[in-house]
Amino acid sequence: MELKRCTKCITPETHETIMFNDKGICNVCDNIAIKENIDWVSKKKDLDQLIEHYRGKYDYDCLVPFSGGKDSTWALYYLVKHYKIKPLVVRFDHGFLRPNIEENTKRTLRKLGVDFHHFTPNWNVVKKLMLQAFLEKGDFCWHCHTGISSYPMQVAINYNVPLIFWGEPSAEYTAYYSYDQPEEVDEKKFNRCGANLGISADDMLVRFRGDLDPRDVKPYSYPPLKDLRKIGYRSVCLGSYIPWDVKKQSKIIQDELGWKGDEVENVPTQYTYEKIECYMQGVRDYIKFIKRGYTRPTHLASIDIRNNRMEREEALKMIKEYEGKKPKSLQIFLDFVGLTEKEFYDVALSHAVSPWEFDMDSTKEESKKMKDFDAWFKGEGLTREETEVLLNRL
Amino acid sequence: MVKRRLIPKLLLKLVQFGSLKRMVLVTTVHYDKAVNVGDPVSQAKIYEAQSADELIFLDIDSSVENREIVIDIIRKVSEEIFMPITIGGGVKDVDDFRLFLSNGADKVAINTYAVKTPDLITQASKKFGAQCVVVGIDYKKMHGGYKVFIDGGKEETEYDPLIWAKECEKLGAGEILLTNIDNDGVGEGMDVDMISMVTKQINIPVIASGGCGLASHFIQGFNAGADAVSAGTFFCFKDQSPIQTRAHIANAGIPIRLHK
Amino acid sequence: MIGIIDYGMGNLLSVKNAVEYLGFEAEIITDSNKLSEYQRLILPGVGAFPECIKNITQKGFVNTLNQEVLEKKKPILGICLGMQVMASIGNEGERVNGLGWFDAEVELMVPNDKKCRIPHVGWSETMCKEHDLFSGIKITPEFYFVHSYHFNCKHEKEVIATFNHGGSFTAAIAKNNIIGYQFHPEKSQEHGLIVLNNFITKSFN
Numbered sequence: 001m002e003l004k005r006c007t008k009c010i011t012p013e014t015h016e017t018i019m020f021n022d023k024g025i026c027n028v029c030d031n032i033a034i035k036e037n038i039d040w041v042s043k044k045k046d047l048d049q050l051i052e053h054y055r056g057k058y059d060y061d062c063l064v065p066f067s068g069g070k071d072s073t074w075a076l077y078y079l080v081k082h083y084k085i086k087p088l089v090v091r092f093d094h095g096f097l098r099p100n101i102e103e104n105t106k107r108t109l110r111k112l113g114v115d116f117h118h119f120t121p122n123w124n125v126v127k128k129l130m131l132q133a134f135l136e137k138g139d140f141c142w143h144c145h146t147g148i149s150s151y152p153m154q155v156a157i158n159y160n161v162p163l164i165f166w167g168e169p170s171a172e173y174t175a176y177y178s179y180d181q182p183e184e185v186d187e188k189k190f191n192r193c194g195a196n197l198g199i200s201a202d203d204m205l206v207r208f209r210g211d212l213d214p215r216d217v218k219p220y221s222y223p224p225l226k227d228l229r230k231i232g233y234r235s236v237c238l239g240s241y242i243p244w245d246v247k248k249q250s251k252i253i254q255d256e257l258g259w260k261g262d263e264v265e266n267v268p269t270q271y272t273y274e275k276i277e278c279y280m281q282g283v284r285d286y287i288k289f290i291k292r293g294y295t296r297p298t299h300l301a302s303i304d305i306r307n308n309r310m311e312r313e314e315a316l317k318m319i320k321e322y323e324g325k326k327p328k329s330l331q332i333f334l335d336f337v338g339l340t341e342k343e344f345y346d347v348a349l350s351h352a353v354s355p356w357e358f359d360m361d362s363t364k365e366e367s368k369k370m371k372d373f374d375a376w377f378k379g380e381g382l383t384r385e386e387t388e389v390l391l392n393r394l
Numbered sequence: 001m002v003k004r005r006l007i008p009k010l011l012l013k014l015v016q017f018g019s020l021k022r023m024v025l026v027t028t029v030h031y032d033k034a035v036n037v038g039d040p041v042s043q044a045k046i047y048e049a050q051s052a053d054e055l056i057f058l059d060i061d062s063s064v065e066n067r068e069i070v071i072d073i074i075r076k077v078s079e080e081i082f083m084p085i086t087i088g089g090g091v092k093d094v095d096d097f098r099l100f101l102s103n104g105a106d107k108v109a110i111n112t113y114a115v116k117t118p119d120l121i122t123q124a125s126k127k128f129g130a131q132c133v134v135v136g137i138d139y140k141k142m143h144g145g146y147k148v149f150i151d152g153g154k155e156e157t158e159y160d161p162l163i164w165a166k167e168c169e170k171l172g173a174g175e176i177l178l179t180n181i182d183n184d185g186v187g188e189g190m191d192v193d194m195i196s197m198v199t200k201q202i203n204i205p206v207i208a209s210g211g212c213g214l215a216s217h218f219i220q221g222f223n224a225g226a227d228a229v230s231a232g233t234f235f236c237f238k239d240q241s242p243i244q245t246r247a248h249i250a251n252a253g254i255p256i257r258l259h260k
Numbered sequence: 001m002i003g004i005i006d007y008g009m010g011n012l013l014s015v016k017n018a019v020e021y022l023g024f025e026a027e028i029i030t031d032s033n034k035l036s037e038y039q040r041l042i043l044p045g046v047g048a049f050p051e052c053i054k055n056i057t058q059k060g061f062v063n064t065l066n067q068e069v070l071e072k073k074k075p076i077l078g079i080c081l082g083m084q085v086m087a088s089i090g091n092e093g094e095r096v097n098g099l100g101w102f103d104a105e106v107e108l109m110v111p112n113d114k115k116c117r118i119p120h121v122g123w124s125e126t127m128c129k130e131h132d133l134f135s136g137i138k139i140t141p142e143f144y145f146v147h148s149y150h151f152n153c154k155h156e157k158e159v160i161a162t163f164n165h166g167g168s169f170t171a172a173i174a175k176n177n178i179i180g181y182q183f184h185p186e187k188s189q190e191h192g193l194i195v196l197n198n199f200i201t202k203s204f205n
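Chains as they are written, first to last, in the numbering used here: chain A, 1 to 394; chain B, 1 to 260; chain C, 1 to 205.
Chain A on its own, in the form it takes in the complex:
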């Protein structure tokens, strides 16, 4: 079936927060237009002042949440090179880091010379959270979204580092915030943008009804506002102060830091800089296609169209070729969560976003194997018994 798409980019009606104006242009395109009218000179001055306000007063000048992907690498590079600050770099390990990203990270950290704090949560808890979130929200990445957003805030409190710099503002891809709205990266944003899928760590405990130790969800818990206010926290997006341009930035980190891109499941080969840090990305994208009828190629092509790097017709052709393929990594995911392939489709289909209807018969051939596929850690998943406990909850 055909979805209604923006007449400028190709984002469809099933994209979260999308609205079309009377010309059929979407609000994400509109939002980007605001970006062009922002007084970036004045914003840069604000950034200068912000950094000076915190410089030298604490063990670290700021905290930079880091994944090793293009955005956080760029943010770290920019802050260290341009401002010569001393950051604490914090990574929350979602469990699926690819070999290339580990190498990129090591190289970046050594070239820039920074302290690195890496945390990996309990896998036995993670796999339960993955299945729970997939069953009840159609998105298995709850632990990652919440961990990445919450854990660095806890570190900020523990190490007393009040200034926190995130990367790109959400206005780059969605309309939860408009470009000229101040975007503080606080709990309200966390709740608003649905990063936690509308479920806090406390809610997750309730859903597990005592089957999880409250301490087990601590890494995913956003700290109370009063604890953050005590350290005088400021949690902001670097992209609110400097214009974000992923293509330009990716080139710079490649040239200056030797950062290497990677091929990604079911994404056209020219996009080697996008979402290369997670080997569950292929499954995540596939689920999105089943639910919403579009996935990463649409997202990337739309960004290119907005930046005048691609024509709309070309984009439509490209997504026809790349979207909807079953990822080779699917079986790895099924083993992690103890589901059969049929159960997987049943669950994903139950989360369809209207009016999209996924056609099971249209399931195209499996995607090709990624070069590092054999190195991805597999197994140690839930037992069927454990899976059934969660399946029987509803």
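Just so you know, the hints here were simulated from the structure itself, not pulled from any lab data. Take the hints with a grain of salt, since some may be wrong.
[Said to hold, decoys possible] Straight line, CA to CA, 25 Å or less: simulated SDA-like cross-link-like pairs of lysine to any residue:
id, chain 1, residue 1, chain 2, residue 2
1, B, 166, C, 92
2, A, 81, A, 106
3, A, 189, A, 210
4, B, 127, C, 58
5, B, 3, C, 190
6, A, 251, A, 112
7, B, 200, C, 166
[Stated by the list, open to error] Stretch-level coverage of chain A by chain B, calculated; a stretch enters the list once three of its residues show a Cβ under 8 Å from a Cβ in chain B:
id, region
8, 43-53
9, 132-138
[Unchecked claim] Reference excerpt, derived from the structure (chain C facing chain B, CB under 10 Å, subset only):
id, residue
10, 14
11, 17
12, 51
13, 113
14, 117
15, 122
16, 136
17, 147
18, 165
19, 166
20, 184
21, 185
22, 192
Source: prediction; values computed, not measured. A virtual CB, placed ideally from N, CA and C, is assigned to each residue, including glycine.
Starting from the known structure of chain A, fit chains B and C onto it as the hints suggest.
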């Protein structure tokens, strides 16, 4: 003219958690099969951030012993959220109204006792204003027609929902919360026929509830005439939030508040 | 310190919570003699006009309010029914006198469009004039209203915002230090908090 409203429905229930009892939020199917979904204060904050228009809290145990706990939750909720809150569940007299209204609630919903002592609607409306009085009407398809049920869907009455809704309006209700029990928690669409009938024949606002499983169901409810649509299961078990659903509804041409 | 007047009617807790959330101190005032201790006053109100004015009178607030507001020019914000009692006359159930700070009558809303139901409950777009109270709002805001009666003001320049519900009705009033919002700022999320903040921080002469 007012915009149409999106109102998450939050069902409160006291549940055993290991050795402790805790008041949590649940969803139901046909007013049965309660499934835990979250902490009341946490969920209220999330809905506030996601620009829900109002919240409806219903204590489905409706027990007087839990009153203190429910009040405590409403007080905590009203410290952090700034949108209208309706509370219901076991409200039986004007004193109950006063208790909730003075502890953070803006409106109070009555259901069973509206049927048992209809004068309560008039008394509450006179004392606190009609806008504080929401009458909940739960119904099922029965014996070739429709019947109103009370006591959490357990007891059948002889009333027809449409006739009862008209009566409630006469008695002074400010709004009607109309729920089809057969559709509750099933996610296959709303009872657009009943919504259409009721909204055509009464002049007070109607909040329709029961059956939303897709954003398009909300649209159907609004098109049938509902002033507001209330959903419980939908926001708990779908990758959808009020902000996202709102955009779908606006795209269908229905006047709804946009989240900015 | 903001004083929120308790005369037995009104959603005091929500108003207090909103003021504190914005970072200011607020106290509930039950003793009419204590009004002078506060820098700004808020008069909330939920219920019916006759009972409201009766309570305000019986609890002894009328004289002290007139003193603080009319003579000392202390900023005061009336919310919903709290705004309506500032009128000269109310016609809800019975015809009674209000505080008389505005030459206005409170009357039942009669929309000229059948689709517009009474009570007017929900979020309505509000057309705001240029005023300090709306500073920081960049688009046409929507506020939460819940009422059946409206404020019919004789002097148009005292009406600083209107809403449309089968006709144009008063959404906000301002006369020097006396401000009124028909909607509930403490229930109107972001925009509500902005206009509440503006009442607390702006100067009114």
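Would you check whether residue 147 (chain C) satisfies its interface hint, that is, whether its CB is within less than 10 Å of any CB in chain B?
Result: holds, 7 Å to nearest chain B Cβ.
With a cut-off of 25 Å on the C-alpha distance, tell me whether residue 3 (chain B) and residue 190 (chain C) pass.
Holds: residue 3 (chain B) and residue 190 (chain C) sit about 17 Å apart, inside 25 Å.
Evaluation of the interface hint that places residue 117 (chain C) against chain B, nearest CB under 10 Å
Hint on residue 117 (chain C): holds, closest Cβ of chain B at ~5 Å, below 10 Å.
Holds or violated: is there a CB of chain B closer than 10 Å to the CB of residue 113 (chain C)?
Holds - the Cβ of residue 113 (chain C) comes within 10 Å of chain B, reaching about 7 Å at its closest.
Between the alpha carbons of residue 127 (chain B) and residue 58 (chain C), is the straight-line distance 25 Å or under?
holds (17 Å)
For the hint on residue 184 (chain C), does the least C-beta distance to chain B fall short of 10 Å?
holds (8 Å)
Is the straight-line distance between the alpha-carbon of residue 189 (chain A) and that of residue 210 (chain A) 25 Å or less?
violated (28 Å)
Interface hint outcome for residue 14 (chain C) [beta carbon to chain B under 10 Å]:
holds (5 Å)
With a cut-off of 8 Å between beta carbons, are at least three residues of the region 43-53 of chain A near chain B?
Violated - the region 43-53 of chain A has 0 residues with a Cβ nearer than 8 Å to chain B, which falls short of three.
Cut-off 10 Å, beta-carbon criterion: hint that residue 136 (chain C) touches chain B:
violated (13 Å)
Satisfaction of hint between residue 112 (chain A) and residue 251 (chain A), Cα-Cα up to 25 Å:
Distance ~17 Å between residue 251 (chain A) and residue 112 (chain A) Cα, so the pair holds.
Should the interface hint for residue 17 (chain C) be scored as holding, given a Cβ-Cβ cut-off of 10 Å against chain B?
Because about 5 Å separates residue 17 (chain C) from the closest Cβ in chain B, which is inside the 10 Å limit, the hint holds.
In this structure, the hints that do not hold are numbers 3, 8 and 16, in rising order.
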